[in-house]
Every structure is written in structure tokens, then in C-alpha cells.
Amino acid sequence: MGVGWLGVAGILIRRAVFLCIALILAVFLTGFILGITGYVDTIINAIINEEVRAYRQTLIMLPQKPNASVIDSLVNQRKSELISYWGMDKPWYARIIPMALNTLMLNLGKTQSPEVTNVAGLQPYSPVADVISSCLPRTIFMITFAEIIVIVIALLIGPFVVYRIGSFVDRVIVAYAAIMNAFPVWWVGMLTLLTLGYQLRVAPRQFRPVINEINKFLSGDLTAFIGILNYVWLPILTIVIVLLGPWIYSIRAMLIKIVKEDFVTAAVARGLPEKQVLRRYIIRPSISPILTNVLLGLAGTLGGYIITESVFDWPGMGTLYYAAITGGDAPTILALTYVFTLVYVVARFILEILYVALDPRVRL
Amino acid sequence: MSLASKAYDSWVWLRKEILSQSAGKVAFALLLALVIISVYAVITMPPDYNRYWNVGVYWRHNPKNAPPEWVSSLGYACVTHRSYDLRLAEPVQVSEGAGRLDISYNLTYDLGVKDYPQGVKVSVNIGVPQGVRNLRLVLNLIKPDGVTLRRLIDYTADFINTSVLKVDFDELGGLTLAMLEAYRDLVSRIDINEISLRPSKYLFGALILTDNREVAVTPLQGRYVFNIQLSFRVDGVSSQDILKYLRRSQTFLVVVVGTCYGIMGTDYQGRDLAEGLFYGFPIALVIGLLVALISSAIGVIAGLVSGYYGGFIDELIQRFVDILGSIPLLPILILVGKSIQVTYTGENKPLIMLATIFAVLIVFSWGGLAIVIRSMTLSLKSELYVEAAKAVGASNMRIISKHILPQLVPYIAASLVYSTPNAIITEAGLSVLGIQHGFPTWGNILSEARLNGTMAYWWWILPPGFLIAIVSLTFVLLGLSLEKVVEPRLKR
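Residue numbers (our numbering), protein chains in the order written: chain A, 1 to 364; chain B, 1001 to 1492.
Source of the hints: derived by calculation from the structure; they are not laboratory data. Incorrect hints may have been included.
[To be verified] If you only want the chain B side, here are some residues facing chain A, beta carbon under 8 Å, derived:
id: 1; residue: K1025
id: 2; residue: L1207
id: 3; residue: S1326
id: 4; residue: L1335
id: 5; residue: S1339
id: 6; residue: I1340
id: 7; residue: S1472
Glycine residues also receive a C-beta, built at the ideal position from the N, C-alpha and C atoms.
Same shape as in the complex, but just chain A (with noise of 0.2 Å):
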């Protein structure tokens, strides 16, 4: 029995309420951790308290030194500017309530910390939409292009074993896959980065320089493809080497449930040829747990490789969002986490919807 078009809009509609709110819920938590533990208020007050002195200074320096009591007036003057210009007169969750609420509605206002800045290979106090752009594409380029090669091979590679479990090749890949899944990729990336790049040095050692490849690569100059290439091959080589052996383990492990099925048995004792079975009562059934995994795993790039690329120090979303927590630069850590979750929840919602697509059982 089926639920018909209008249950299925119905259920896709619900799907969306939640995920919405788990969106809404990731932000504000976010806020909260960052207002409750007092985390950014530490930060500001530092960041005042050296502007203050920094100022402080520069009056004692100034060639007809005012007397004291104007330099005290003058600098408390400049010290409650500051505070009302950070807004620490209010306490925390006037602050960040607003600001969240803001991120919400994409106004992600500016980001107030130079490392920030730094990261992105921007100006001090750029808006956190172009810190956040810019940092994108070079994410993308590095891990996102991992992951999609590393799909690409275990696809080829997961049908191939699935006909030959318990073969050489198949326990090869199952040793593979255990050995690589207790590897963490980024020490695999510190292995590779002292081997290739500080024992062999046929490796870069350092990877801000990609900035300036990747800026002229997007502003049309295709020649600078290779000088990302030349950055980028040891990252993608390292998430390969390390994601390689549990995606074709995983792709294996749904293509064998099915395989097991009497229907299969049933194709193949009808003597149809392999690779009809593979694709019509193999591949077709299995397709939604792949496209669930693929899917995941490409919105995951985007936000899950924080570690690994600040090992190679790849100014990437990672790194930009480690630095925006050093930083204490709250817009940005909450435009950061709205962007993650985000990715992440629209990747559900586009799996839901082709669930409805592929599976015929929902529409009846």
C-alpha cells in the first residue's frame, strides 16, 4: 500500500521542518557554546585591552607629551568607544543572539580577526561572505577532488570484487581497507609531508602559496592548472591513499548483501551474463545506500577535513575555521557552521528526494 503523491509531499515537507531546524539549532548552539564559556568576551577583552595600551603608547610618544590626567580622560574616552564598538557593554547573548540571527538570514557581517583575514589572503575586517568564498574553491580543489577520484576508483574497483569474495585480490583489499581504516588521514599527511617533502623534498613543504595559483586560475588564466597541481598532489595522494581502502570496503559490503539475494542466484542460474546481472539486479538495487554514501561523503568534505588540512596548513575551510576559533571571530565561526550544516542538510534533503525517485514502492 502506498502513500500516494500528496503523502509523499508530505513526508518530503516534514523532512525539510526538521531539517531546517537542525540548521536553526547547529547555529545557535554554536552561539551559545561561544557566549556561555565566555570564550569570545576573553578574546575581545584582550583585543581592547592591547588596543588601549597600543594607544596609550603612541600618546606618551607624541612629541608635546599631554600631562597625564588628559592622557587618562583621553584613553578611557578611547577605551568605552571600544567597548560599545564591540558591543561589550551587553552581555553575551545580546550579542550573539542578533548575530546569529543575522548569519541566519545571510548577513554574515564582517570578520573581526586578522588571522582570519590572513587565512584567506584577504584584507583585515573583510566580510565574512568573500573570506568564505575564497576559501571554497581551494577546499574543493584539494579534498573535494579527492574524494570524487577516490568514488570514482571504488566504483570501478567494488563490483570487480564483489564476484570474488574470499578470492586473493578480494582479502587483499579487506587487509587494505582494515590497515588504512585505523590510519587518521592527517597523519598519514604528516607521514607524507616528512618523507616527500622534508627527507626527499620532491614535495612543497608549505601550501599558502597555492592562494596566488588558484586566484589566477579563477580569474581565467588556465596555465596556473599546473602550478595547483603542483600544491595540491600530495594532500589528494594522501586522502587517497587513506580513504581508498574503507570506500571500496564499504561499496563491497552493500553490493554483497545483494548479491546474496535469491534473486541474484536465481539471474545467474538463468544463465545470464555477468555483467547484465551486475548492472540490472546487482548495481540498480544497490544504488540508494551508494548515492547515500556519495552524496554524504562529498557534503562532508566541505567541513569534516579540519585537521588534515591544517597539518598541511592548506588555506582551505578548514583552516579558516580553526583560525576563526583561534581568533575568537564569532561571525565567522558562525557563518562557518551554518555553511557546514547546511551543506549537509541540503544533501540530505536532495538524497530524500531521490529516494522517491529511485524507489518506485514510495510513489505507488
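Based on the hints, put chain B in the right spot on chain A.
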């Protein structure tokens, strides 16, 4: 049959199933080794070891950034690291005169490779009996070529109001003078500041006049003799008394700092990495198992409740899991960790930070299991024997504990096994980012390698990573062998 004996039975069955496979055997052996090492570490290491670990002074006698000693067998020229405990050494000469008492020690050191040690350090923390008025401590060095560097240390201490002498010689203050005395002609040809800048080069080097009238210094191999003289001015104290006190003193060390150290080498502060890695075993296991146990327990309870009772509570739990699953864990974890690291200033900071990381990991990691347990409970609930039990009036608790829970054991075990390495790897990743709690975990050691070692020291980066990998591999293998229990169709 009680629940405990039932649990024991399923454990015995699980163990048999796992041990019937080669992956399971390896995993069991590894797990056993991990547990034994961890227990041994807990017993032998001081519980407040992180305090030693983070205090640089404690490690000052060790070479810095030194590879492990066994690299010498790989062809690396290792300068031997030797530490002489004078409390146990026999003096070569003891003489008593009028109000004077002289004790001297000779220590031999063999330099076997063409390289210099990192330095020579002397550490004294001794007590003297009543009646000792003062002490003059002199260190001389007789080089293999017969040259003697005199009074590298020449230190006098009075015992007027005290009977304790605590002093550290991290540098040999008399070196420049000793060099001037020993090699008058040659030293005049070199920059005298150079001597205090690179002391061990001149302590352990041969000075040769080259053809173009310049001085070349090369490592001088052979046997060195350190001569330490203690001259006491005393009133009616015998040498036996003094020696007795010396033997009982806190520290009396002469250290020739080599370029290799121990079985795992040292880091930039001279910390013995073998100790840190050893201490990391129980911490890693505790982090992994605790997070896995608690989050699995929550997942099981939530899944059971959700599946068994259904209705409103089911909807609530499922939607909550949905929402939690959409919030990215790592960014939140980094944020929480960093916030606590910066803002928390109270005592027990390492513990508080670790506990917070624990809590966040647990909150975000029970959802997956809850979904699986719920769907299994749903299908088990409608089995005939459950209906029958209900019909004869069995309570819900009894049905859950006797008829449903035992069937879920393999799945729960699999989830436990798979989530254990996750927590360990995540904690290590946070440390690598710089969110450090202060315990010498493997991740912590890795992070210091990254932040202070410019990534060039392999003995600092490889072992912690391999240990993390071995622990994960143990649980991955365990999971692989459980998989065939959970999914019997995979068996061939």
C-alpha cells in the same frame, strides 16, 4: 537463569565465534597486549605523571631532539649518552689533612664516533654533616690526547647556616680559561666567543693547525677522564662521615649528554618519548572504551525505549537523533575544546578538558546505534514468543531483558568495537590542532612534534601514529570478525 549468567553465555559464544577467525585471533592477541601494557603502566607510573611531563626542568639532563639509541645499528653516528651517579661511585682518592678533607672521583667516557656530545652537565644536591665549613668542587677533563682542561667548574660553597648544597651546572663556566691555559697558541687564532657558543665542540674536539695557519676542530675520539675533586674544610669530621652523607644525598650527577637517547628518543625539551608513549596506553584505552561504553549504553536504552514503547516518545527520540545527526560534530568539538582551554583557569584543567571532550563525543555519538536498535526491537517485538510472553503476563522489563536484549548483543558489541577507535582518533586529532589538555597522550606528543619539531623528526611522529593505528586496528579487526556474527550471510 539470571541476566548476568545469560550475558556470560553470550560472551562465551561471542568469544568462540570471534576466535574461530584469523582476524579475531589477531585482534584478541592485540587487545590482550594493550590491556596488559595499560595495566602495567597504571601500576608503575605515578598518577600525576602529567606534572612531570610538563615541567622542563625535570628533563634537562636529557639530549634534545635525540633519535633512539638503536639507530646506531642503522649506521647513524650516535654519541653515547651517559649519566654517572656519584653517590654510587667509588672515589679514587680520599685524603685527610689538618682541617682538610679531599675526595676525588674519576669518570671515564668513551667517544666512539666522529661527533660531539650535546654537552656536559653536573647536578649537585647533597647534604653534609655538622662541622663542614666549606666545600670546593672542581671538575677537570683529561682528553684522550693527554691535554687536560683544568677547572671547568671551580665552585666554592660555604656551609654557615645550611648543611645542604643544591646547585646545577648546566654550562661549564671555566671552559674558556681552561682552553686558554691548555692551548695558548692555538686559541689566540680563534674567536674566543666561539668557545662559549659551542662548548662541547671544544670539550671533545682536537685542535689542529691547518696549512693556511687556521685552527680546525674535529671530534676527538677516545677515552676521556672526568676528574671531580671535592675539598672540604672541616672541624672534626671524618671522611667516612662525608662519604656516608654523599651516598645518601638527593642528586649527585655528572651527565655527558649524547645525541641519542633511550629506545624511543626525546623531543625538543629532552622528554623521554618512551615514557610518554607508555603513559599514553591507559589514557587511549580509557578514552576509547569509556566514550564507546557510555554512548552505546545510551544508544541501546534510547533505541529500546523508542522501538518497544513507540508513540510519542519514539517520535521524540527519533527526531532528536535526526537533528543531532545533522549537526557537524568536529567543528562543535573543536569549538568547545578551544573555549574551555582558553577560558577555564581553575585547577584540574587537564581533567576538566578531557571530561568536556568526553561529554561532547558521547552526546553526538549514540544516535546511530539507537536507530539500529529501534528497528531491531520493532521486528523482535512482533515475534510470536514475545506475544506469548506478554499473554502470560510477563512485565515489559522482563520481556526486554529476557527476550529482546540478548538478541541484540552482537549488534551492541559491534557498535562498541567500532566506536572505540573513533574516540581515540578524535581526541588525537584535537590535540594535533593544538587543543591540548596536558596529559601526555599520543595525540599530544604528535601535536608537539608538529608545533615544535618542524615535522622533521621521524622518531617523534611515527611511533604515536603507529600506536594509534594499532589500537584502531585491534578494534577494526575485532569488528570485522564480529561482522560475520552479525551478518551470517557473509560466511563462506
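Quiz item: Does the CB of L1207 (chain B) sit less than 8 Å away from some CB of chain A?
Solution: violated, 35 Å
Quiz item: Does K1025 (chain B) pass the interface hint, meaning its C-beta sits closer than 8 Å to a C-beta of chain A?
Solution: violated, 14 Å
Quiz item: Given L1335 (chain B) was flagged as interface, is its beta-carbon under 8 Å from a beta-carbon of chain A?
Solution: Status holds, d = 5 Å.
Exercise. Classify the hint on S1472 (chain B) as holds or violated, based on whether any CB of chain A lies nearer than 8 Å to its CB.
Key: holds, 4 Å
Self-check item: Hinted contact S1339 (chain B) with chain A - closest CB pair below 8 Å
Solution: Nearest chain A Cβ about 4 Å off; hint holds.
Quiz item: Minimum Cβ distance from I1340 (chain B) to chain A below 8 Å?
Solution: Holds. Min distance 6 Å.
Exercise. Please verify that hint: S1326 (chain B), Cβ, nearest Cβ of chain A, below 8 Å or not.
Key: holds, 4 Å
Figure legend: structure checked against the earlier numbered hints; hints not met, in rising order: 1 and 2.
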